[in-house]
Amino acid sequence: GDSVTQMEGPVTLSEEAFLTINCTYTATGYPSLFWYVQYPGEGLQLLLKATKADDKGSNKGFEATYRKETTSFHLEKGSVQVSDSAVYFCALSGSGGYNKLIFGAGTRLAVHP
Amino acid sequence: GAVVSQHPSRVICKSGTSVKIECRSLDFQATTMFWYRQFPKQSLMLMATSNEGSKATYEQGVEKDKFLINHASLTLSTLTVTSAHPEDSSFYICSAPTLAGGVTDTQYFGPGTRLTVL
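Protein sequences, first through last, are from chains A and B.
Here the first sequence stands for residues 26 to 138, where the numbers follow the numbering used here.
Here the second sequence stands for residues 210 to 327, where the numbers follow the numbering used here.
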């Protein structure tokens with residue numbers, strides 16, 4: 026079945042460091058891909074998405090490119106801030122109609138001053 | 210973006226009581242909503258799909274008599290945890306998808322409800 030694999034955390038970085046969180050997926054058809062972020066004590070917020078191959082989603086300095094050839098959707102940010110500390114979830118949604126989201130395990134990011 | 214609310218945000222109850230959690234799509238209609246459960250420091254586990262006007266679809270291993278779901282209108286779904294026990298303590302999150310061109314566009318999540326059963 027469809028699945029999402031994320032790099033294990035926690036990821037600890039200093040402020041202004043470069044961030045990469047790897048995400049790969051297995052799916053039939055042409056899924057949409059998402060990154061969600063969960064700040065401490067809060068629900069999930071959509072960070073960015075891509076709906077077809079080679080699309081690049083971007084928001085708040087984060088970006089991810091839908092790579093069909095490598096079945097990947099890695100999250101990157103050039104310069105992280107302390108306020109980016111959160112748990113990041115990669116997810117996919119299958120094609121056609123309402124579809125369940127399948128989540129990766131989540132990667133906790135801690136950014137220190 | 211679209212907004213999904215949940216109520217209450219926190220609830221503490223005694224073992225054996227029932228707890229109702231509401232999920233509302235505030236600025237869009239959702240014929241389908243999803244209920245998830247999240248354990249500490251873990252990912253979200255889909256519990257069930259709530260369908261307006263029909264029965265909910267439960268994921269394997271989720272007790273439908275334990276977790277009652279009612280999709281009362283195009284903007285409201287409720288999850289009732291019946292005869293709650295301490296092992297039901299968890300963070301419950303709902304989501305509602307928007308559609309674009311007849312297919313799922315984006316799912317928007319509620320802020321979650323933390324249930325603590327004493």
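Calculated from the structure, these hints are not laboratory results.
Warning: the hint list may mix true and false statements.
[What the hints assert, rightly or not] Here are the computed lysine to aspartate or glutamate pairs in the EDC-like style, where the Cα-Cα straight-line distance is at most 16 Å:
(1) 250/B - 67/A
(2) 93/A - 67/A
(3) 93/A - 109/A
(4) 81/A - 67/A
(5) 273/B - 297/B
(6) 250/B - 88/A
[To be verified] Which chain A residues stay away from chain B? Per the calculated CB distances, all over 12 Å, these:
(7) 40
(8) 42
(9) 59
(10) 63
(11) 66
(12) 69
(13) 70
(14) 83
(15) 104
(16) 110
(17) 124
(18) 138
Yeah, the Cβ is synthetic: ideal placement off N, Cα and C, and Gly gets one too.
Structure-based check of each hint:
1. Of the supplied pair hints, the one linking residue 250/B and residue 67/A holds, its CA atoms being roughly 13 Å apart against a limit of 16 Å.
2. As the CA atoms of residue 93/A and residue 67/A are separated by approximately 32 Å, the hinted pair breaks the 16 Å bound.
3. At roughly 27 Å between alpha-carbon atoms, residue 93/A and residue 109/A are farther apart than 16 Å, so this suggested pair is violated.
4. Proposed proximity of residue 81/A and residue 67/A is contradicted: the alpha carbons are some 26 Å apart, above 16 Å.
5. Proximity of residue 273/B to residue 297/B is assessed by CA-CA distance (about 14 Å); at most 16 Å being required, the pair is judged to hold.
6. Between residue 250/B and residue 88/A, the direct Cα distance comes to roughly 24 Å. Violation of the 16 Å bound is thereby established for this hinted pair.
7. Look at residue 40/A: its CB is around 24 Å from the nearest CB on chain B, clear of 12 Å, so calling it non-interface holds up.
8. With a minimum CB-CB distance of about 23 Å to chain B, residue 42/A clears the 12 Å threshold, and the non-interface call stands.
9. For residue 59/A, the non-interface assignment is contradicted: its Cβ lies about 8 Å from the closest Cβ of chain B, within the 12 Å cut-off.
10. Taking the minimum C-beta to C-beta distance to chain B, about 9 Å, the non-interface status of residue 63/A is violated against the 12 Å cut.
11. Listed as outside the interface, residue 66/A is inconsistent with that label: its C-beta sits roughly 9 Å from the nearest C-beta of chain B, within the 12 Å cut-off.
12. Its closest Cβ contact with chain B, about 4 Å, brings residue 69/A to no more than 12 Å, contrary to its assignment away from the interface.
13. Listed as outside the interface, residue 70/A is inconsistent with that label: its C-beta sits roughly 7 Å from the nearest C-beta of chain B, within the 12 Å cut-off.
14. Interface exclusion of residue 83/A from chain B stands, the closest Cβ pair being 15 Å apart, more than 12 Å.
15. At roughly 25 Å from the closest C-beta of chain B, the C-beta of residue 104/A stays outside 12 Å, upholding its exclusion from the interface.
16. A cut-off of 12 Å between C-beta atoms confirms that residue 110/A is not in contact with chain B; the least separation is 14 Å.
17. With 12 Å as the threshold on Cβ separation, the claim that residue 124/A sits away from chain B is violated: the shortest Cβ distance comes to roughly 5 Å.
18. Listed as outside the interface, residue 138/A is consistent with that label: its C-beta sits roughly 24 Å from the nearest C-beta of chain B, beyond the 12 Å cut-off.
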